[in-house]
Amino acid sequence: MDKKRLDKYRKRLEQERKAILESIQKSRSAEADLEVASNVDEGDVAVNSYQKELFFALQDSDAVRLKAVEDALNRLEKEGWGLCATCGEPIPIARLSAVPWATLCVCCQDRKETAKTAQNIKP
1 MDKKRLDKYR
11 KRLEQERKAI
21 LESIQKSRSA
31 EADLEVASNV
41 DEGDVAVNSY
51 QKELFFALQD
61 SDAVRLKAVE
71 DALNRLEKEG
81 WGLCATCGEP
91 IPIARLSAVP
101 WATLCVCCQD
111 RKETAKTAQN
121 IKP
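Residue numbers (this note's numbering): 1 to 123.
Derived by calculation from the structure, the hints in this document are not laboratory data.
Every value quoted in this text rests on a predicted model; they were computed, and no experiment measured them.
In this text, a Cβ means the ideal position worked out from N, Cα and C, and glycines have one as well.
Any given hint could turn out to be false.
Said to hold, decoys possible - Taking CB as the label site, the calculated pair distances span:
1) P90 x A30: 17 to 27 angstroms
2) M1 x G43: 51 to 61 angstroms
3) T114 x A30: 31 to 41 angstroms
Stated by the list, open to error - Subject to a maximum C-alpha distance of 27 angstroms in a straight line, what follows is the list of computed BS3-like cross-link-like pairs (lysine-lysine):
4) K4 x K18
5) K3 x K26
6) K26 x K11
7) K67 x K11
8) K4 x K26
9) K67 x K78
10) K78 x K112
11) K67 x K8
12) K112 x K4
13) K67 x K3
14) K116 x K3
15) K116 x K11
16) K112 x K67
17) K67 x K116
18) K8 x K52
19) K67 x K52
20) K52 x K26
21) K18 x K116
22) K8 x K18
23) K67 x K26
24) K52 x K3
25) K52 x K4
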């Protein structure tokens with residue numbers, strides 16, 4: 001892949017990292033605001049508890065995505081970016097354009113998801 005295209009993906013990954021970090025910060029700030037709010041009645045306590053759980057889930061999701069983006073930036077520097085971690089084949093440009101932190105080609109991703117689905121269906 002040419003340097004111009006790699007720079008384009010690097011910039012996109014850096015923007016994604018910045019957006020995730022901002023999302024995490026907003027979530028933490030909103031969570032802190034919940035701590036400050038007074039919990040006068042049981043309804044308020046229940047709503048605050050639910051919102052805290054939601055903030056934790058969002059932060060976990062953001063943390064997973066942040067790690068994937070940072071790993072992609074590291075692979076980009078080491079020239080391993082854009083290759084499937086399973087089969088070693090190049091990941092199609094269309095997939096990288098949609099998900100520049102992808103580690104698997106479409107075929108390997110499908111196999112992984114099919115195996116995971118089959119594992120979840122087992123009685």
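Results of checking the hints against the structure:
no. : hint                           : verdict
1   : P90 x A30: 17 to 27 angstroms  : violated, 41 angstroms
2   : M1 x G43: 51 to 61 angstroms   : holds, 55 angstroms
3   : T114 x A30: 31 to 41 angstroms : holds, 37 angstroms
4   : K4 x K18                       : holds, 21 angstroms
5   : K3 x K26                       : violated, 34 angstroms
6   : K26 x K11                      : holds, 23 angstroms
7   : K67 x K11                      : holds, 16 angstroms
8   : K4 x K26                       : violated, 33 angstroms
9   : K67 x K78                      : holds, 16 angstroms
10  : K78 x K112                     : holds, 25 angstroms
11  : K67 x K8                       : holds, 20 angstroms
12  : K112 x K4                      : violated, 32 angstroms
13  : K67 x K3                       : holds, 24 angstroms
14  : K116 x K3                      : violated, 36 angstroms
15  : K116 x K11                     : violated, 32 angstroms
16  : K112 x K67                     : holds, 19 angstroms
17  : K67 x K116                     : holds, 21 angstroms
18  : K8 x K52                       : violated, 37 angstroms
19  : K67 x K52                      : holds, 22 angstroms
20  : K52 x K26                      : holds, 13 angstroms
21  : K18 x K116                     : violated, 31 angstroms
22  : K8 x K18                       : holds, 15 angstroms
23  : K67 x K26                      : holds, 18 angstroms
24  : K52 x K3                       : violated, 44 angstroms
25  : K52 x K4                       : violated, 43 angstroms
Taken one by one, the earlier hints fail for this structure at numbers 1, 5, 8, 12, 14, 15, 18, 21, 24 and 25, listed in ascending order.
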